[in-house]
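J.: Heads up: the protein sequence lines correspond to chains V and Y, in order. If you're matching positions, the first sequence starts at 11 in my numbering and goes up one per residue. If you're matching positions, the second sequence starts at 267 in my numbering and goes up one per residue.
Among the hints, a few may not be true.
[Said to hold, decoys possible] Below, simulated DSBU-like cross-link-like pairs (lysine-lysine); rule was C-alpha separation at most 30 Å, straight line: (1) K445/Y / K239/V; (2) K396/Y / K134/V; (3) K312/Y / K212/V; (4) K249/V / K444/Y; (5) K194/V / K457/Y; (6) K472/Y / K134/V; (7) K467/Y / K13/V; (8) K134/V / K444/Y; (9) K134/V / K273/Y; (10) K249/V / K273/Y; (11) K467/Y / K168/V; (12) K472/Y / K212/V; (13) K472/Y / K149/V; (14) K239/V / K437/Y; (15) K472/Y / K150/V.
[To be verified] Non-contacting residues of chain V with respect to chain Y, defined by C-beta distances greater than 10 Å in every case (computed): (16) Y16; (17) V37; (18) K38; (19) E44; (20) N72; (21) D140; (22) Y146; (23) A179; (24) K188; (25) R191; (26) L195; (27) D216; (28) A217; (29) M241; (30) P251; (31) G313.
[Said to hold, decoys possible] Heads up, incomplete: computed chain V residues facing chain Y, CB under 8 Å, no partners named: (32) F28; (33) R99; (34) I103; (35) L107; (36) D123; (37) P135; (38) A142; (39) D157; (40) N160.
Derived from the structure by calculation, the hints contain no laboratory data. These numbers come from a predicted model, not from an experiment. C-beta atoms are modelled at their ideal positions from N, C-alpha and C, and glycine is treated no differently.
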Amino acid sequence: MTKEAYSELMKQINAGKFVFTGELEPVKTTRLDEVIEGAKTLKEHVVAINITDNPTAFGYMNALVPAYMIQKEAGVEAVYQMTTRDRNRLALISDVLAAGALGIKNILALTGDHTTIGDTPQAKPVFDLDSATFVYMLKKMMDEGVDLNNNEIEDPPKFNIGIAAAPNANPLEPELLKIERKVKLGADFVQTQCVYSVEQAKNFLDAAAYLNIPILVGVAPFKSLSMMKWMVKFVPGIKVPEEIQESLRKAKKTGGKEAVYEINIEIFGELLREIRKTTNAAGIHTMAIGFEWIVPKIIERAGF
Amino acid sequence: MIIVKQKPLEEIFEMTKNAKNFLIVGCDGCASIIQVGGERQAEILKTLLEMKSRVKGEDGPASQAISILRQCDRQIVVSSLNPVIGDYDTLVSLGCGVGVQTLADLYRDKLIIPANDTEFIGMHDTKADKFYEMCRACGDCILFETGGVCPITRCAKSLLNGPCGGQSNGKCEVGGWKKECAWVQIYERLKARDRLDLFTKFRPPKDYRVSGHPRELGNEILGEDAAT
């Protein structure tokens, strides 16, 4: 089913183009130059860039400002990530209206990681809405032009709504049913957490095929060997095949940091090519926070 | 029942340090059942407080320990405490926060000291020797749709439409992957009963007015007969 497209991202998905998206993380700073520079680096290679919203519950700059600024200053479309962790429905409505006013075209509706795993674990978690009720509210605002209590919105906003998915979730069925709920509510596209093999991507895409929603598979190269080790050890659901781990270890040993980057480009370039060639993914969501320069090289290596 | 936990003794000693004499009031309700706040615990606390004041080389305050049927019932408190309360200027409650406040409301000229922290509404698993929070008293029970597992309480995010991405192998990211993911439990129970339709069902945003505090209930709770 083709969804109505308000964003360039959705237009390209609808046109059947294999799309790439990127990701940038505004951090604990008042500076915008790094985010804008990152957007410029990615611009020619991705159709849109996600701006994270207090990722892993770290208190960072409000995502709306850099989402607006990358569109204005770098000329690249934003996917404004919004979590329900830090704002009740009143504050969400405010930010959604503000996003509409600022010309944001995509919102990624997320529940958000729990406050206790972040850098301010004492905070009171909000979760007034969850990602499903948030999608419901967004659709109501857009399609009916009203808020949750049917109060009219002057000049209602239009967005394409993305949702997240955990492709390695175990058990997988409740994850799929949860996505199904949000597809029925009107979500337009999915961006997944990272996969590290084409099999992982394929298993999830096959299982989710019945949902009939465009899925961008998440791919996240490793900035360093220690980052990979940390993820393998501490992030459940992340399955990095032994061959990849061994290649990175070997690269680090023989050629240091530069060799680790080079092997990343090789491994993830190959993964991108395989995903495009052998799966029904609508595209790839690349996450290379702090080393965005590698994304163009990986895409290039994949032969796109 | 209401699960309570005794405060660290140092904290109790600090709160009682200026008391001339005190009455230690146990509660034979929830606190007694889980052996934190009954008669025996009141006696033990009395002994400890007396020892503490002797260690400091002062005259121990004249104290007494008793336990009453329920501290959360005004009439029971009045009938049980009025005959013994006498000249005690300080009451140490071994009940929950409800008990402490009932005493404080009834005896406004006395200092009421909470000896316990009130933890949650929970279940006691005596075999595992553990207490589990099971209900947050949200005033809008959906246990029928969720396989008898409360997501408001047992999901760290109180999600109505879970699970979130923070579960792995049925465990929750909150607290280091030790606790069960309530939404995976809900999924398993509903699947076993062939009712995944209830799982997939969309639950709209919750009306938090229902659980907005402080809540009160009139005599409708007891029916019309009680009012007459």
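J.: None of the hints should be skipped; say for each whether it holds.
T.: Hints, verified against the model:
1. K445/Y / K239/V: This hinted pair holds, its Cα atoms lying about 24 Å apart.
2. K396/Y / K134/V: Holds: K396/Y and K134/V sit about 26 Å apart, inside 30 Å.
3. K312/Y / K212/V: Given pair K312/Y, K212/V is violated - Cα atoms ~67 Å apart, limit 30 Å.
4. K249/V / K444/Y: 20 Å, holds
5. K194/V / K457/Y: 20 Å, holds
6. K472/Y / K134/V: 18 Å, holds
7. K467/Y / K13/V: With a Cα-Cα distance of about 23 Å, the restraint between K467/Y and K13/V holds, given a limit of 30 Å.
8. K134/V / K444/Y: 21 Å, holds
9. K134/V / K273/Y: Status holds; Cα separation ~23 Å.
10. K249/V / K273/Y: The given pair, whose Cα atoms are some 44 Å apart, is violated under the 30 Å limit.
11. K467/Y / K168/V: Holds: K467/Y and K168/V sit about 26 Å apart, inside 30 Å.
12. K472/Y / K212/V: 36 Å, violated
13. K472/Y / K149/V: With Cα atoms ~17 Å apart, K472/Y and K149/V stay inside 30 Å; holds.
14. K239/V / K437/Y: Roughly 22 Å separates the two Cα atoms, so the pair holds.
15. K472/Y / K150/V: OK: K472/Y and K150/V at ~16 Å, within 30 Å.
16. Y16: 23 Å, holds
17. V37: 22 Å, holds
18. K38: 22 Å, holds
19. E44: At roughly 27 Å from the nearest Cβ of chain Y, E44/V sits farther out than 10 Å, so the non-interface label holds.
20. N72: 21 Å, holds
21. D140: Answer for D140/V: violated, closest chain Y Cβ roughly 5 Å.
22. Y146: Answer for Y146/V: violated, closest chain Y Cβ roughly 7 Å.
23. A179: For A179/V, whose nearest Cβ neighbour in chain Y is about 7 Å away, the distance does not exceed 10 Å, so it is violated.
24. K188: 6 Å, violated
25. R191: 5 Å, violated
26. L195: 6 Å, violated
27. D216: 20 Å, holds
28. A217: 15 Å, holds
29. M241: The assertion about M241/V holds, with a minimum of 13 Å to chain Y.
30. P251: Non-interface label stands for P251/V: nearest chain Y Cβ at 18 Å, farther than 10 Å.
31. G313: Given that every Cβ of chain Y is farther than 10 Å from that of G313/V, nearest at about 31 Å, it holds.
32. F28: Check failed: Cβ of F28/V comes no nearer than 25 Å to chain Y, outside 8 Å.
33. R99: 7 Å, holds
34. I103: 12 Å, violated
35. L107: 18 Å, violated
36. D123: It holds, given that the least Cβ distance between D123/V and chain Y is near 6 Å, below 8 Å.
37. P135: 7 Å, holds
38. A142: 4 Å, holds
39. D157: At 11 Å from the nearest chain Y Cβ, D157/V fails the 8 Å test, so the hint is violated.
40. N160: 13 Å, violated
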